[in-house]
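Below are the chains, spelled out letter by letter.
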Amino acid sequence: MTDQTNPSVTTATPTARPRAASGGMLGLTKKDSTLMLIVFALVMLAPFILNPFPEGSAMAQFNAGYPDLMQRFVIFGIFAIGFNILFGLTGYLSFGHAAFLGVGSYAAIWSMKLVTLNVIPGIVMAIVIAGAFTLVVGFISLRRSGIYFSILTLAFAQMSYALAYSVLTPITGGETGLQIKNTDSPLFGGPTDGSIGRANLFGAEMGNSYELAVGSWLFTFNLGYYIAGVALLVAFYLSIRIFRSPFGIMLRAVKSNQQRMNYTGLTPKRYTLSAFVISGMYAGLAGGLMVAMDTQVGPERMFWTASGEVVIMTILGGAGTLMGPILGAGFIKYMENIVSKINKDILHEWFAFLPDGAEDVMVSIVYPFIGKGWHLTLGILFMLVVIFLPGGLVEGGQRIANKFRRNKTDG
Amino acid sequence: MDQIIVQILNGLDKGSAYALIALGLTLIFGTLGVVNFAHGALFMMGAFCAVILSRILSASYKVVDESQTDFLGNPLQVDVFYVQRWFGDAAGATIMDWAVPLAILFSIPVMIGIGFAMERGLIKHFYKRPHADQILVTFGLAIVLQEIIKYFFGANPIQTPAPDAFKGSLDFGVWLGYEANAIMYPYWRLVYFFFSALIIAGVFAFLQFTTFGMVVRAGMADRETVGLLGIDIDKRFTFMFGLAAAVAGVAGVMYAPIVAPNYHMGMDFLVLSFVVVVVGGMGSLPGAVAAGFLLGILESFASMPAVVDVLPGINQIIIYLVAIVILLTRPRGLMGRKGVMED
Amino acid sequence: MSKSNFTRRGVIKTGAVGGAALALPQYLRADGHAGFTNAPGDSEVVLGFNVPQTGPYADEGADELRAYELAVEHLNGGGDGGMLNTFSSKVLDGTGILGREVKYVTGDTQTKSDAARASARSMIEKDGAIMITGGSSSGVAVAVQALCQEAGVIFMAGLTHSNDTTGKDRKANGFRHFFNSYMTGAALAPVLAAQYGTDRKAYHLTADYNWGYTTEEAIVSSTEAMGWETVNTVKTPLTQTDFSSYIAPVLNSGADVLVLNHYGGNMVNSLTNAVQFGLREAQANGKNFEIVVPLYSRLMARGAGENVKGIFGSTNWHWSLQDEGSQAFVRSFGTKYGFPPSQAAHTTYVQTLLYADAVTRAGSFAPCAVAEALEGYEFDGLGNGKTLYRADDHQCFKDVLVVKGKENPTSEFDLLEIVEVTPVDQVMYAPDHPQMGGADASLGECNNGA
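Heads up: the sequence lines are chains X, Y and H, in that order. Taking my numbering, I'd label the letters of the first sequence as residues 1 to 411. Taking my numbering, I'd label the letters of the second sequence as residues 1 to 343. Taking my numbering, I'd label the letters of the third sequence as residues 1 to 450.
Since the hints were derived computationally from the structure, they do not count as laboratory data. Some hints here could point you the wrong way.
[As the list claims (entries may be wrong)] DEER-style ranges, computed between Cβ atoms:
#, chain 1, residue 1, chain 2, residue 2, range
1, X, Val361, Y, Leu122, 49 to 59 Å
2, Y, Ile4, H, Lys386, 47 to 57 Å
3, H, Thr410, Y, Phe87, 16 to 26 Å
[To be verified] If you want a taste of the chain X side facing chain H, the calculated C-beta under 8 Å gives, among others:
#, residue
4, Ala162
5, Asn182
6, Asp184
7, Ser185
8, Gly189
9, Ile196
10, Gln258
11, Asn262
12, Gly298
13, Tyr334
14, Ser364
15, Pro368
[Said to hold, decoys possible] Pairs of lysine to aspartate or glutamate residues, derived as DMTMM-like cross-links and limited to a Cα-Cα distance of at most 25 Å, are as follows:
#, chain 1, residue 1, chain 2, residue 2
16, H, Lys336, Y, Glu66
17, H, Lys386, H, Asp440
18, X, Lys181, H, Glu324
19, H, Lys406, Y, Asp222
20, H, Lys336, X, Glu55
21, H, Lys287, Y, Asp65
22, Y, Lys128, Y, Asp65
23, X, Lys181, H, Glu372
24, H, Lys386, H, Asp432
25, Y, Lys235, Y, Asp222
26, H, Lys336, Y, Asp222
27, H, Lys406, Y, Asp164
28, H, Lys309, Y, Asp171
29, H, Lys103, X, Asp360
30, H, Lys103, X, Asp345
31, H, Lys103, X, Asp184
32, X, Lys344, H, Glu101
33, H, Lys336, Y, Asp65
34, H, Lys103, X, Glu349
35, H, Lys336, X, Glu349
36, Y, Lys167, H, Glu324
37, H, Lys406, Y, Asp171
38, H, Lys287, Y, Asp171
Just so you know, these numbers come straight off a predicted model, no measurement behind them. By construction, the Cβ of each residue, glycine as well, lies at the ideal position given by its N, Cα and C atoms.
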């Protein structure tokens, strides 16, 4: 499953040589610095960018600038970036990554229930425990390669899911999962008045938001989102550094030719295992952040469809590219949260300008694709993207950019 | 002991479903090199062929019966079935009753058609693309197929019973000297098992003894050389895709009375069938079949109360546990070929 | 510092702050003036209908959504008014809620707690929903109920039958009209004893998750109180579709009754398998072998087809009830959609009306005021007879229907017949009942949010 021979994948990372010292900021090349700056700006300005439509307008349905979805964008972005370090570089397709995210989530919520409601220890715990779990799974699974590796990771994840749902109920809460309760008394700083504790950062709660009204626009700046956003920036920065480092080159070598590596006396397994654990820690970070933003965990977070989702996010965005996973994650989460909420009433509002008969016709044409039909739209879009944009959404972006560039030179 | 015999029967039965799906998956993978995530959806479409045919056969028109009322208090509209009107009550009822077996005949051309359309319209363009792209596009297709089914048939399971003649169970134990009721096994499940065995044998015989099959097998081993010999391997591969779709389809039709079909049954089987294929070894047809039966039997044993009492939760994870053990002890599964999907 | 945990967007729409905000960017203290999350403006109020639209329970979700739309129509004065005409409380007059037109947003729970919470959060944060309702599984109900508690909005549970929803996981902001596992056990056991005798041996197959556990516990304890013996209880994986390997050992276990603590697709398949294996014709211990399905749903009974005939179970409500309220509801639902409503539709319709009624009686949308109005409230005319919303655990107490699969159905909807209406006193229990989380379970403080 690893013969990623796509030209666009390589063009997206044209400077594979480590040029840590060649200027730019933070040890990045100029090009990478630009990319980093773009991502920085996107994360910081997301509340504006994602809320382009004024409140109360028909298009406000498409606004995504509310805390929950913005948090999900960055959290799944982190998850996919981590997955891409493994899959994009080494070509090893893990089909059980959701388990690491789930384990991280359980670790984080137990930290909050038992130790402190501060999110930092919770997130650290999530990364550490997920990393340790990944190490065990990776050590075993990496004895095989190709699809055999994929199925091994899948098997571990499905076992985690099944056990968390059933016999491990005392630890995982089973079907109903774990939430913070008013009976929880963490060692440090739990609420004393019998109310339910909230995740916080040194007292500032994750749910805190400032709202900015400009005309009929309303922008929400949420503390939790910015904390997750900073985590995304760090994760993205580290991912650039890994891509450009000698370690990253080794990982690419694993992908292109393991045998040659063996002959040169290098042990590919050490490199792939490191990549696997790193990407597992990214998943743990994502899992910890999910709990920090919304204090609950359920086992279905580890189901194979969740593992499949991150695979699809990465491929859809563009495997092996830096930006691809973030775009893919955003795309899928947007579909899931925005398209699924459109209902028949809203359609009637949209098409209200048409004469009655035409309105009903339009509504009945569009209706199967929205609301309960959002899966159908998703499936069609998967197919369209992969058919017409072999390099994923990143390739789409490049094509548009090229077009502009060409126009410029022509003009 | 009687319990063990029953569980072996159960295992063979489950195993034959797994084996049939895995066989089709391996056919597609082995001949075309395509990882087909839509294979579960093909199985589901097969099961819905049974549903559709039974709907067609029980097509009806409404007659108002003044003597009864419906839930709103209006006169009740009674369904009158066309087949009963045309062929008489008894014959009509028999035709409707036999919808599932008839659906086998119905499903074969339908599924071959779907298979052809899929291969020519979509899969063909993905032979040279990375496996990851194949997964994404076939997964997208699987979602689209199941959403279409959901649109027309809803999300709830649809009961599709076997003919009355196959209702009830065979008391197996009496033959083996046990008392009555010790080993009961439903007739339809026995039919399912023998039917599957027949299909599997048929596919193997076809590949083994026909020229067509030999060319395909040669193509599986070395596609380019066969192409150089001037044989139009593409056309044969299209046919193989249709065949694999038909195998998945009839497996689905026959399975419909055992587990009421619903739109996401394909996804339920998808992961499992990949595990079966990989445990069997990539590219090996006998491996896929053997792994199907092995996992089916082990799953049945793991669900015995005596086993679960000792190892709680073992019934939840047995398939995956076995997969891990086999893949760690046998690098390429039971009968995998070297170099297939290993890098 | 101005801060809010969950914010509402109604602010701008209503123009309360809009004018002032035009000129210069301004920090809003959301809802500071109202003191609770998502306080509605003067013209409209938004409710959030969070139901499964994809996944195995999508059909139940679709039926819930139909009922919600009907309820909104009736609240806003449209249609024939449905159960508003039979409801014992007469404060709702078809002018919306407290004079505000009822609007709604919908979302997809996917029957996954993560997705359900994401959807509920978007309703609260983006759409300004003042109340969240819906769902078709207990895992989702518990997860969303906890979220609503945290956010400071009211949660009116949809179809959720696990004891935990109003048991160990009960919350001050959450309310359940649907009945629960305990009530099923208490209602079903006497009927079973009367039908099948008191010296029965039961074998349980139980879905291996939370709802399964509480249902098994309830049925085991209530049937053992009748003198039954429990031979074995076996857990089956949620993802199981073929139950043959679990059904096969039943006949030789010495049991003469099989209890299927399964719901949805699990129930359809396990029951179908049990019938295939000839359990219905079998004899054991000199008696006819019997099957029991504790929780029935008409939608699922349809999936099981002929196999449900003569099999006992319980249900929250059934359209064939002859009381005024049920009739009114069936009439307006049936006229609008062409088929009778399911119990999921009924409970969600009733929950919406109860919420609207409580707001009106309280004269406020503030969750704590609404909760107070619901607590200990007794009402009638909503299809289940006299009903009490108990203050201690926010569980409705009402008669429970024991039903069995109909032998000669006249239509595809006419699958269940009511065997007995178990009076409410018989299914009553103490709020600190051990099956309900014992003495540790508490509602906590009600939360108004911002």
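Checklist line | Interface hint for Asn262/X, Cβ within 8 Å of any Cβ on chain H | finding: The hint is violated - Asn262/X has no Cβ within 8 Å of chain H, the shortest such distance being about 40 Å.
Margin query: Checking one constraint from the list: CA of Lys344/X to CA of Glu101/H, max 25 Å. Satisfied?
Written below: holds (18 Å)
Notebook entry, point to check: Holds or violated: 16 to 26 Å for the Cβ distance of Thr410/H and Phe87/Y?
Noted result: holds (24 Å)
Check: Given Gln258/X as an interface hint, is the shortest Cβ-Cβ distance to chain H below 8 Å?
Finding: This interface hint is violated because 36 Å lies over the 8 Å limit.
Checklist line | Minimum beta-carbon distance criterion (8 Å), Gly298/X to chain H | finding: Where the cut-off is 8 Å and the nearest Cβ of chain H is about 4 Å from Gly298/X, the hint holds.
Check: Hey, Lys181/X versus Glu324/H, does the alpha-carbon distance stay inside 25 Å?
Finding: violated (42 Å)
Check: Under the criterion of a CB-CB separation shorter than 8 Å, is Ser185/X in contact with chain H as hinted?
Finding: Cβ of Ser185/X sits 13 Å from chain H, so the hint is violated.
Next item on the list: Would you mind confirming whether the straight-line C-alpha gap from Lys287/H to Asp65/Y stays at or under 25 Å?
Entry: Given that 25 Å is the threshold and the Cα spacing comes to 40 Å, the pair is violated.
Notebook entry, point to check: Does the structure keep Lys287/H and Asp171/Y at a Cα separation of 25 Å or less?
Noted result: holds (19 Å)
Item checked: Interface hint outcome for Ile196/X [beta carbon to chain H under 8 Å] -> With a closest approach of 6 Å, the Ile196/X hint holds.
Checklist line | When the least beta-carbon distance from Ser364/X to chain H is tested against 8 Å, hint result | finding: violated (16 Å)
Check: When you check the alpha-carbon spacing of Lys386/H and Asp440/H, does it fall within 25 Å?
Finding: violated (29 Å)
Checked against the numbered hints above, the structure violates hints 1, 6, 7, 8, 10, 11, 13, 14, 15, 17, 18, 19, 20, 21, 22, 26, 31, 36, 37; every other hint is satisfied.
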